[in-house]
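Chemist: Going down the list, the protein sequences come from chains L and A.
FYI, UniProt numbering numbers position 51 of the first sequence as 51, with every residue one higher than the one before it.
FYI, UniProt numbering numbers position 14 of the second sequence as 14, with every residue one higher than the one before it.
In short, the hints are calculated from the structure, not lab data.
Watch out, some of these pointers could steer you wrong.
Chain copies aren't distinguished; within one or between two, either way the pair holds.
[Unchecked claim] Below, a list of computed lysine-lysine pairs in the DSS-like style, where the Cα atoms sit at most 25 Å apart:
| hint | residue 1 | residue 2 |
| --- | --- | --- |
| 1 | K344 | K410 |
| 2 | K344 | K490 |
| 3 | K458 | K493 |
| 4 | K490 | K458 |
| 5 | K493 | K410 |
2 protein chains.
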Amino acid sequence: MSLNTPSLPSAKVIHVDTRGAVILEEESPETRDSRGIYLPNYIEPISHIAVDVGGSLAKVVYFTRSPEPPSSPSVVATRGSDSSNSSLSTPRSISPSDDTASASGVSASSGPSTSKQNGALTPLVLEQPHATAPSALANGLLHDSLLRRTAAVAAVQHFPGGSLNFERFETDDIDACVSFIQALIERSAQVNGVPLAEMRRGVKIMATGGGAHRFYELFKDTLHVEVRREDEMECLIEGLKFITLIPDEVYFFSDELIQSVAHPNATPSVTAAPLPPAASALVPAPSPTISYPVPSLAGSSAQTPVLERPSPDPPKYGVTFESNPTPQLPCLLVNIGSGVSIIKVDEDGAFERVSGTSLGGGTLWGLLSLLTPATTFDEMLAFSEKGDNSTVDMLVGDIYGQDYSKLGLKSTMIASTFGKVFKKGGEKGTFPAEDISKSLLYAMSNNIGQIAYMNAEKYNLDRIYFGGSFIRGHAATIATLSYAIRFWSKGTKRALFLRHEGFLGSIGAWIRNIDPATELLDGVSALHSERS
Amino acid sequence: MSLNTPSLPSAKVIHVDTRGAVILEEESPETRDSRGIYLPNYIEPISHIAVDVGGSLAKVVYFTRSPEPPSSPSVVATRGSDSSNSSLSTPRSISPSDDTASASGVSASSGPSTSKQNGALTPLVLEQPHATAPSALANGLLHDSLLRRTAAVAAVQHFPGGSLNFERFETDDIDACVSFIQALIERSAQVNGVPLAEMRRGVKIMATGGGAHRFYELFKDTLHVEVRREDEMECLIEGLKFITLIPDEVYFFSDELIQSVAHPNATPSVTAAPLPPAASALVPAPSPTISYPVPSLAGSSAQTPVLERPSPDPPKYGVTFESNPTPQLPCLLVNIGSGVSIIKVDEDGAFERVSGTSLGGGTLWGLLSLLTPATTFDEMLAFSEKGDNSTVDMLVGDIYGQDYSKLGLKSTMIASTFGKVFKKGGEKGTFPAEDISKSLLYAMSNNIGQIAYMNAEKYNLDRIYFGGSFIRGHAATIATLSYAIRFWSKGTKRALFLRHEGFLGSIGAWIRNIDPATELLDGVSALHSERS
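Sequences and hints are given; from them, build the entire structure.
Modeler: Okay, structure coming up:
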């Protein structure tokens, strides 16, 4: 099997051709990280559904074929960054939906629990030249561009292009996930005009995450398809390696951040100032970036550069998308789900879970669900945006009354999270939900950033990827994590984020569709060398 | 000035002779860490009061003279380890009060806010041979053994022996602290028969901590004595170096722990088993230790040794006291107050604050004050002892349904603190205060242990001292911190605890009574070499 060119379709190996891959527009802020990825050159027809069942969320990935990008949506796509759509429950996010100029909308109804009309899976039977031609297509269920049939099945066989689709469900409501997959399989059989039993023979579920073990029987007995369990860490790493090749998938705070914090203001307060003109030259930014006003950390160049420790109000900086991705190994992957796993990945793809912490997304959501009226993640994040954590946090200034400069501490830094809450004598104060939310968001993010940094330093890694469903494109979280990394590393390491952050495991499970005897790594490495 | 022997008293340098030092019995569990330290050989008469004002607590240290250990107390000392005294508000603690056989009780009323009749400060005037003899002693205010006077003031001058006394106040109630000091000064003047103004001339306040700056004017203007501000970190380190020389001050979990976890049971559950006989030979334990039954982690010697990650129910192990202390540098000091400071100390005593975290004592008390009915630290700790954190925490077993053994994780390990609390749809559960308390105590302790370990590893330090007022001799906290260090370091590093954990800064401030021109370090180093 030649590994140097995208080979002719083989049932055994998935060579995922990511050339020309395009991230589709988001449908709503809720599904911000579930945008489809259109792969115009991908040839292999597959019918694999990957499911990654974690502590809180079950993530589903599946591929549907179409030669052109999905066109006019049946539901108007919501622009996540459009401030006119903002409301209490829609946190402002770093949404690049303005940027993906080439993609058009997808057809989908919003919300993962509704059946998405994203196309259908392809049954294996269509690959065989002698197969019967499909019966009349059902109207209204498909894009008109999807699955254009011709009598020559050979054309179908080599018909490139299709989309990776992403769905999310609550693990506590795993039945909804199973029902969705069931409906997908049944609809696909219908659309392709094949009996359900045949459709099922060509469908395989790749299950990973803890729930792959917990729910193995459920999937198997309800869906009547083959279910394969895949190792969670291996899937995470495979997913990372794959997804970082998609243009505009990876993003980070621009280099202006480094420039600006290298010349901090002498006084703790910050005021607005224009971007230093030289800084923009540092950032090769062919893709448009979203810029925010930069508070004045410039000036005082005579002062020794001191990086601002993660402070109550991190400045807001431009986001840069990695539009020409290159191989990203070695690196550290910090997967923030209910809990946190920290995995080091070597240059050759070998990996090891080296650390973790139990203080993760589950901790923050759990604490805020008891301490505030918020009932959803986005409500909690919305609260945090309005809060002033200094009413609950003890700052360096509260203890010392001045900077503790020779220790590199500033009076605005957080000395003790929630340090102002306990009052002797049992007097229980009441604190605004917004302040509590901000304090705990900072606390969890700073802590994860610190532990992540220490591991990156230990293993001499400069790139730190943050995965998992915790971040949700939320500006303050991204800022805090970026700051923590830059503070501790003095700007030598970089925090990197992923638009499909929560789907690393499921993407990895999806591409691991191989015979045990085949070398997947060879194929992926070949893909890497083609692109670099 | 000769540095090789305890020199003749000089007004400029305190040579603190710790030979024969004895930690006095505790008065009550509340003041467990405030036991006096009797120094029978200490010669220098001083009138210095050290105050360390932190974010939550103000700690006071002062020395009073007496040639013999304080005898029969005016208030019967409570034995903290006596289970018959246990109640909801008295957490079981590792209290070594049974062990200090030689000391007798101290006279004191319990509670820091009551005026303690611990003796009096010595005015400088008594040092001068031509000073007038003191007038009649006031009865009922003194121990009969305290301050035996003779006409020959020279005898007074070289009269060895006295006690270091410790008091604690709330920083929010700093006036109580000031009043206490005022009363101490006034009483001392009275007892010594000198005018208040003369007494004040011989009293100096050494103030450290953040509050040294905040409350400088308050101290100065109310007490009318000289107030000197001392650097907090320097005081912490000085205090550490000094206090670790006191016999039975330092304690740690015995080496049986290392032996036992090196041969873990194959199954996650643990059952009681007798101590391995060989293990006791590892521990040179001239002082009595308090032993607890050792759960069975022995057996399965064929298995690769895996250290139990901090689990919901850490086994309980014997506590060993360092009765023949040796110099303890280099080391890492982890000071857990409202927040956490991590300081590395080199062999020569040079130190640097290298890290810290805002998730400290203030965080735990603050969270528990809002999430439980508890109104005091000890109530919160009592709750935690009864709790089952698995109702609120997501364990590895909850996610995977089995051990994730190849990652070194066991199903009983905590994957996500509070991971079970958030329910989609806004349904807010109620959880027992005990379970919440245990979960958050573990979370904070494990996190501090992990960050402490990473710093110890980075700087190649094996000894990790935990200071600050957070631990309070609480068994679960000590166990969790010890476990975290041993888990991450695979048994190569040791967590060490201090009975006067909260007083490092104030002790350090107390011994820093020197002229700027004098080298304190030389004196202390000489003291070290004498003892080793």
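Chemist: Taking each numbered hint in turn, which are not upheld by the structure, reported in ascending numerical order?
Modeler: No hint contradicted; all consistent.
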